[in-house]
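Undergrad: Now for the letters of each chain:
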Amino acid sequence: MLQRFIDAFTKEANQTGIDRLEFYIKECQGQTVQVYKQEVERISLSDETLVFIEGEYEGYKGSTFVESIGSARISEHLNVIRQIAQHNKEPFKPRPTFTAQARTKGIVHELPSIEKVTEWLKQGEQRAYGFDKRVDNVGVSSHTTHREKVTLLGAQGDRLEDTVQFDRVRMSLVARDGAAVQSAFESRLGTSIDQETLLSLADQAAEKVVSQLEASPVKTGQYAIILQNSLVCDLILAFVPGLYADRAQKKMSVLANKVGQTITSSLFSLVEDPHLPSGIVTRSFDDEGTPTQGKAIIEAGRLTTLLHNLETARAFKVQSTGNGFKSLYREQPAVSPTNLYVPSGTYTLPEMMKEMRSGLLITDCDGISAGANSVSGDFSLIAKGYLVENGAIQRAVNQITIGGNYYEMLNNVSVVGSEYATGGSSGGFIQAPSLLVNQLFVSGT
Amino acid sequence: MLTRQTIDKILDLALELGGDFAEVYQEDTRHNNIRALHDRVESSSCGRESGIGLRIFSGLNSRYAFTTDEAEENLLQLVENMAQSLTGPQGTKVPLGDRTIYGNAHSIICMPHNVTYNRRMDVIRRATSAGMAYAPEIVQVSVGYLDIEQEVVIANSEGVYAEDTRVKTRILINAYAQNEKGIQNGYYGPGAMRGFEYYDDLDIEWYAKEAARVAVTMLGADKCPGGQMSVVVDNGFGGLMFHEACGHSLEASSVAKGTSEFSGKVGQQIASPLVTLIDDGTIANEWGSLSVDDEGQPTQKNVLIENGILKSYMIDKLNGRRLQMKPTGSARRQSYRFAPTSRMTNTYIANGPHGKEEIIASTDQGLFVKYINGGSVNPATGDFNFNVSEAYLIESGKITKPVRGATLIGNGGNILQQVDMVGNNLEIRQGYCYAGSGALFIGAGQPTVRVATMTVGGAQ
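From first to last, the protein sequence lines are chains A and B.
Residue 1 is where the first sequence starts when you use the numbering used here, and the numbers rise one by one after that.
Residue 1 is where the second sequence starts when you use the numbering used here, and the numbers rise one by one after that.
Next comes chain B alone, as it looks inside the complex (with noise of 0.2 angstroms):
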């Protein structure tokens, strides 16, 4: 990694040159990603993503640069380009104390540099094995391995000098189910901010058989119908829906330029009394978890909303200067190759005050949402969209038949004042988020959650 005599250079020249603000971010991640089908090895991927990312501020001007040479005098002449035209007042810096080593707060047990690649291929084969073993209509099932050892160095000219090493360990299991009618795909993808030990307790051949279990479903399911009903959406990754009705929009990369459609609404009340939506960062080994932001914050438990209160964005450094609001430890990149702004860490919705069978039961007709695959949302309009990879009808207070190929669809505000019903079963799932800054580990959870009436865009 980079001296602590060059990043002072680095700085010390970014602020004679007109910044007012510095940093140098500098990763080192060993990769491990490895895609099978069936037994068969398709795709090893295994090394290191290495770089280093510089950011100048003056004022509301930013001025990133990325590079894979980290010979000083490239980085210093990088400065120099980066800096060009940049007419502010020289900022002041604080000198770099003693380099404050974070990680500790989630205990990582087998790091994955020591873990041999057939250990690895032994949780593919039991998950592949589980998956096809299903049912005879389970054709194919791809499973891809990951884990990820992220080392980072992130200093800063306001003082922050902080070393990280953030550990992420993931499988990913797709299944194929086929019969006359067609192809349908199941998926699940639990992960964790653990070592290699996250399988010594983790059920490896559940989720194959639950991702199975979705595709077979889904081969006998019919399309959607599609208008307006009530909609059910279960604990889990269903909490996506909350992510992308209004976590994005709550960002202060939306908020700040007053672009998002809850800008300048702090204090007000945006939701039904029953939504407290969290965004919590430091969950003990969760897989959007982070000890450090990537501007050298630690991170926080953020309460956006609370009882339908809007209490908080979440705040990076540069849009908090737009706001004049302090960070909150959500600032989040990919990589090097990305400047951080504000993103969701492990954001879900608190548990309310119903059960699940009492939220079925009390639907007459509606659709009940398993599982979510994936959505967006315009944060200027708030309009949002989620796709379904398992749903039924509900009819009569009870779930019926599986339908398939639904996007739901509706507007955040709206959406938001719509929850009649919040459960008790929270629980947290794993996904990415792909947004300004790169694609994010992040967690979306809520317990069963009815939104009184939506936009069901089906197919029939």
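If we strip away everything but chain A, and leave its shape as in the complex, we get (with noise of 0.2 angstroms):
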């Protein structure tokens, strides 16, 4: 049916003075297996073929995008190529025939069957409420398979594949003891998760969210801090795209000018490898069909790169690094990564605490996508944790705000911790330890 759309397509957009036409196809596939209480809450599927079409007329480049190709109306969607083509006046540049080769279709491999990951799911979730009795509600328990291929056809015929697959597993449980109510929400990410991997979900998830039961604010004022692993990904999330170079190009990030320069401690570096084992971004080429690279953007606290697309890379003289993504695929190219990771040290966490002697350990942070500002780098966001005395967890803590400047915390990192937590989408992954910062503002009471 695709290749009868693209065919017919291309014919009506000819016969109408739309030439050079490239194709950008992304199909996926889903599966989201849910248990409640040791019954199946929720099975979703999905299955959909997403098209978006560039095409060249009067010289000028024109766009549009069309969902269900069985029932498109193609006179439309020519005559909104045309109109984009005809008021924005931008020269249409056919994009450079490609070279890059397809790496990653062998790694795709059967979606689980929902029987065998439901059995998982039932004894995660019997694994949860037997760690503690005041294990009291596991809200959600869920895994996920996500397959996407996306196809890339130039006008002269060319043409790239490439395929990403990945597992979520989810768990949020409810822990009570009289009066007091905590919540934790744990999840994992990769290629293909495993039973086993499920079950040190449950346990994590239980021992964190009963350890919270008797959580209580601290005082407001400065604080050294460790960021426990999983809440240094969603930082490095939140802040990478101060890395783009679109961004940079637009002022809207403060690294603008900083390529060269050292902007974090020497003990951090951040390395991007679109074929780390770990990593769920597995491309071979961006989405512009440059070749994705290996490279380190931080090295030792030296910035070495921004990221750049064609466009970022035309402006400010250098080569594509690879990383120009959709991130809708119904958008143009912007920028973002494939798979990051923070090159871990040598400290375990209850060693990260022994040096620390004194601070809190911070497990999780909300709101993030509020509270972190990407172009300036400030945040301030509602944080949970423990406070650490002597090197060793006092008592849990809640109900505070860690506030600063994401780029003078990583100055002032000091230590490094051995042991990973992975996060992200298909819209870029990381790995990353935990980092002891030297001091960092926390509001309380």
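No wet-lab data here; the hints were simulated from the structure.
Label-pair restraints from in silico Cβ distances:
no., chain 1, residue 1, chain 2, residue 2, range
1, A, Lys251, B, Gln5, 51 to 61 angstroms
2, B, Arg99, A, Leu111, 31 to 41 angstroms
3, A, Gln123, B, Pro353, 49 to 59 angstroms
For lysine-lysine, the following DSS-like pairs were computed, each having C-alpha atoms within a straight-line distance of at most 25 angstroms:
no., chain 1, residue 1, chain 2, residue 2
4, A, Lys317, A, Lys251
5, B, Lys181, A, Lys258
6, A, Lys208, A, Lys354
7, A, Lys11, A, Lys26
8, A, Lys258, B, Lys223
9, A, Lys250, B, Lys181
10, B, Lys265, A, Lys37
11, B, Lys93, B, Lys9
12, A, Lys250, A, Lys89
13, B, Lys326, A, Lys37
14, B, Lys181, A, Lys251
15, B, Lys223, A, Lys219
16, A, Lys317, A, Lys250
17, B, Lys181, B, Lys401
18, A, Lys93, A, Lys250
19, A, Lys317, A, Lys258
20, A, Lys295, A, Lys250
21, A, Lys37, A, Lys208
22, A, Lys208, A, Lys133
23, B, Lys326, B, Lys311
24, A, Lys251, B, Lys223
25, B, Lys356, B, Lys398
26, B, Lys301, B, Lys326
27, A, Lys258, A, Lys295
Note that CB positions come from ideal geometry on N, CA and C, so glycine has one too.
Starting from the two chains in their separate frames, assemble the complex, guided by the hints.
TA: Written out as structure tokens, the structure is:
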């Protein structure tokens, strides 16, 4: 059906003066199983084909997008392409002929069987309830598999295909003890998640929620802080747009003129590896057809490069770094990373607490989308965690905020942990260890 | 759109295979989404989002599937895949009557599909020039223009067969100011459930200047001090505080499993008597309004809290089964990619007895929040947060210097009790809400409100 649609669209386009069509096709399949109180609560299945089309009309570029290709009104879409071309008057620049080779087609596996996943989830839920009698409600326990195939069809008939597939498991728990109520949310992300990972997730979520039951705030002031690995992942993803050349070009990043300079502690590095074995955004080429590349973005504190697509590379007079990805299939390619990681240090979490002596171990923050400003690097976020004294956890802490500037914070990193957490989505994956930061401002009582 | 015969076949098969309820949701949405920086178009995303979402219930077990392949044989195959291992007794079907066509409550004069691209660009140009001209510190104005024309057909095995056209129009203006201290931005995004006629009487220039004014003001702002203080939140989108503090926790998706702090509390005093909270999806032409919800039930005005007493939740069909309560016209979804669940529409605090000046004058020390950026909540504990985009210190009953970067936090149940003054200047503004069934158009509103004490997360 897809090929029929492409042929019909191309034919009708050519008849009305639109040429050099380029197609960007995303075919996604997904499956989610959710269990509640030992019963299957929800099963979701999906199958979609999404098409973005660009073409040249009177020398200018126009575009449109189509979802249900079986019932598409081609003439209306051609009209959209013509209007955009005529009004934007952006000269059509044909994409370079693709040279990248699809490398990841081989790693796609069957969607896991619903029966098997259901059994794992039931065991995970039991494990969480069994951990402690104060675990009161396992509200969500789910397993999702998502697969997406990206196809780029060039005007010359050249073609690139790449597929990524990953699993995500989630569990959210509530614990109660008298009037005290706490909740915890944990998730894991990977190319293929097994039963063991799900069970360890249940243990960790249960341990966390119970240990938080007696949480209370601390006094307002400066504290030494360990940011737990999963939170480091969230924070890096929130601020990674500061590294995008399109943001820098638009004066929407404080890193615009900082390439070559030291921007963080020398203990901190950030590396992109499109073929990271644990990563989920394993792409051989970006959405513009440029081969993806492994690179140190921050190397021992020094910013070595911004992330570029074809357009920003032209503006900055450099080569594209293979980061021209779309945030939505129906938009123009912007900039985003594949798989990122922060090289780990040698300290375990208990060793980091001993090193810190007194301060806070922060495990979770909420409201990151509103409370973290990726333009300035400033953040102020509601936080949960533990008070650490004499190198050991004293009690749980909640209803506080941590605040400061992301870059100043990375400049104050004094210890890098040894254990990884992962996070992200198909728009960027991250693997990072815990970090000890000399000081951050905490608002509490 | 699907024929009635095809819809009938899908519903019949779903019931035959063990469902006790089945639903077909079809959507065909025209999107025009244009983003420009200065006058240069950065991205034009214009086309159609279309597909089908199918849902089957068997008791509390639900199945959802979505697809872009609208062929009948594919849809019937999908029903078979979805219904695997359903064991419940077969449901009975109420035959579909005539299709009910909604959409007349919100008069739309100029449908987006009749608007040329150039007229949209005029709107963008007006906002850009007004923002750029505001002050020399403004270095960048980025404008997003969007209109949406969403046609939906919703049919279910209980005889619902509805058709609706939802038209939404919005402009998002971001102004960036820069000096030796750094970069700050200001934002305003007026929108409505209207067609292009919205711009006939919208003062675009005022909104652009307002976004620029916030950016320039924040450039001169110090970091916000942290700690406990009185907080006055101004009218308008300040209502997002209640959207986070208690709105989400009153959605059946949080309440039904007993995991919301407000589960089982209908009839109880959960807030200060000054607080009346309403969710109203019927307000004519408002951004968060809908004629009919995404389960095919007409929207309604739901009084959630009245003079501090919890009256009702927002309820969708599935969570209604768990709660054994009737749906309230609150089922929403971003698109066919999402199963619907209970969500807010236009949520606001009703007017109270106090004047804005009186509220500020009677506050000795505190924080005045003019605009809110966004926030989130954990419904189980009620712990919520919101980040401010424009705020000032209040000293000796007067608004003094601007401060930036604050996130305010609290616990819903506790903050509701701490509301000690409510103004009489209700306004509703527009935003998005991101949750279980995707990103939705919502209205958030309130008059000026004072909270006696809350934790201000500052940076010094």
